[in-house]
Amino acid sequence: ASKHRVGTLCWSSCFCPEEPERRSECTRTQAADSSRYGNVARALGVAGEYWRSESRRPLCELAGFSVARREAKRVSLGPAGGARATAAMLPPCSERELSELLARKEEEWRALQAHRAQMQEKHLEETRGQLQRLQEDFVYNLQVLEERDRELERYDVEFTQARRREEAQQAEVSELKIEVAKLKQALSREARHVAELQHQHERTLQEHHLELERVRSDRKNEIDHQQEQYENLKWKLERKLRELDGEKGPGEAVAGGVQEEEEEVKVVALEGEEEVATSETTVGGRTSGLPL
Numbered sequence: 001a002s003k004h005r006v007g008t009l010c011w012s013s014c015f016c017p018e019e020p021e022r023r024s025e026c027t028r029t030q031a032a033d034s035s036r037y038g039n040v041a042r043a044l045g046v047a048g049e050y051w052r053s054e055s056r057r058p059l060c061e062l063a064g065f066s067v068a069r070r071e072a073k074r075v076s077l078g079p080a081g082g083a084r085a086t087a088a089m090l091p092p093c094s095e096r097e098l099s100e101l102l103a104r105k106e107e108e109w110r111a112l113q114a115h116r117a118q119m120q121e122k123h124l125e126e127t128r129g130q131l132q133r134l135q136e137d138f139v140y141n142l143q144v145l146e147e148r149d150r151e152l153e154r155y156d157v158e159f160t161q162a163r164r165r166e167e168a169q170q171a172e173v174s175e176l177k178i179e180v181a182k183l184k185q186a187l188s189r190e191a192r193h194v195a196e197l198q199h200q201h202e203r204t205l206q207e208h209h210l211e212l213e214r215v216r217s218d219r220k221n222e223i224d225h226q227q228e229q230y231e232n233l234k235w236k237l238e239r240k241l242r243e244l245d246g247e248k249g250p251g252e253a254v255a256g257g258v259q260e261e262e263e264e265v266k267v268v269a270l271e272g273e274e275e276v277a278t279s280e281t282t283v284g285g286r287t288s289g290l291p292l
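Each residue of the sequence shown is one higher than the one before, counting from 1 in my numbering.
Rather than coming from a laboratory, the hints here were simulated on the basis of the structure.
Every residue gets a Cβ at the ideal spot worked out from N, C-alpha and C, and that includes glycine.
Don't take every hint at face value.
Claimed, not checked - In silico SDA-like cross-links for lysine to any residue, where the CA-CA straight-line distance does not exceed 25 Å: (1) Lys177 <-> Glu166; (2) Lys122 <-> Arg133; (3) Lys184 <-> Gln200; (4) Lys236 <-> Ile223; (5) Lys105 <-> Glu125; (6) Lys182 <-> Val194; (7) Lys122 <-> Leu112; (8) Lys184 <-> Arg164; (9) Lys182 <-> Glu166; (10) Lys182 <-> Gln161; (11) Lys184 <-> Glu172; (12) Lys220 <-> Gln200; (13) Lys105 <-> Gly129; (14) Lys220 <-> Lys240; (15) Lys234 <-> Leu244; (16) Lys240 <-> Gln229; (17) Lys105 <-> His115; (18) Lys105 <-> Gln118; (19) Lys240 <-> Glu228; (20) Lys184 <-> Val194; (21) Lys177 <-> Gln161; (22) Lys177 <-> Arg189; (23) Lys122 <-> Asp137; (24) Lys236 <-> Asp224; (25) Lys122 <-> Glu106.
To be verified - Ranges of calculated distance between the beta carbons of each label pair, as one might list FRET restraints: (26) Phe138 <-> Ile178: 56 to 66 Å; (27) Ala171 <-> His209: 48 to 58 Å; (28) Glu107 <-> Phe138: 41 to 51 Å.
With these hints in hand, go ahead and build the complete structure from the sequences.
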């Protein structure tokens, strides 16, 4: 009994060749313990296996440990196999030691459950905080989206109005272009008409100048002819006067006749000059009456 420890058994005494009776007693004790405490050992083995597996797992997975794993292991081994495996794994121990071990494992299990519950509560609080933040973010994003939608609607209205204004301006520009084209055509026609009138004016002016020159030439010829007639008549009168120098009475009558003839010649000359002036005035009036 002094060589026994809690939860373990000294195997040196069982395999000691000097004490065969002690070795047989240990063997019988081990078989009795295996048959008597098979269920307890199996439970402890499962708990230990769970403890070892759960100690290596993250704390976030403690709440979801798999019962199916334990059941599958129990089914695969069976009652007898589980007992034999547990007996092979654990050294023989007394009932008190098994009770203490079971109580300690239960305390560890409760502590594990409490720790798991605490971690779950903490995780739940964190999840609730995340959910609240997500809800706040969702509400904020929803407000932002609503503002964006309102801005987009306003932009759509402004864009539609701007496009309508642009279309109206384009229509006005098209109308102005048409008016400009019409004005250009009218200006071109007016320019052609002015050019035609200018050409016609120049031609008419040239014709009037030619007519004036012709009239002047005709009047000049007529005046020259009348001047020649006047000179001839004067020469004839002078000759008659020289022939009649010796006759006094008849000389006075002849002088009166010569004077009348000279006056007639002067009147004819004046009439010719007036006709020339009238012709020049008429030609000048026609020229000034032409459109520029």
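Among the hints numbered above, which are violated by the structure, and what are their numbers in rising order?
5, 8, 10, 12, 13, 14
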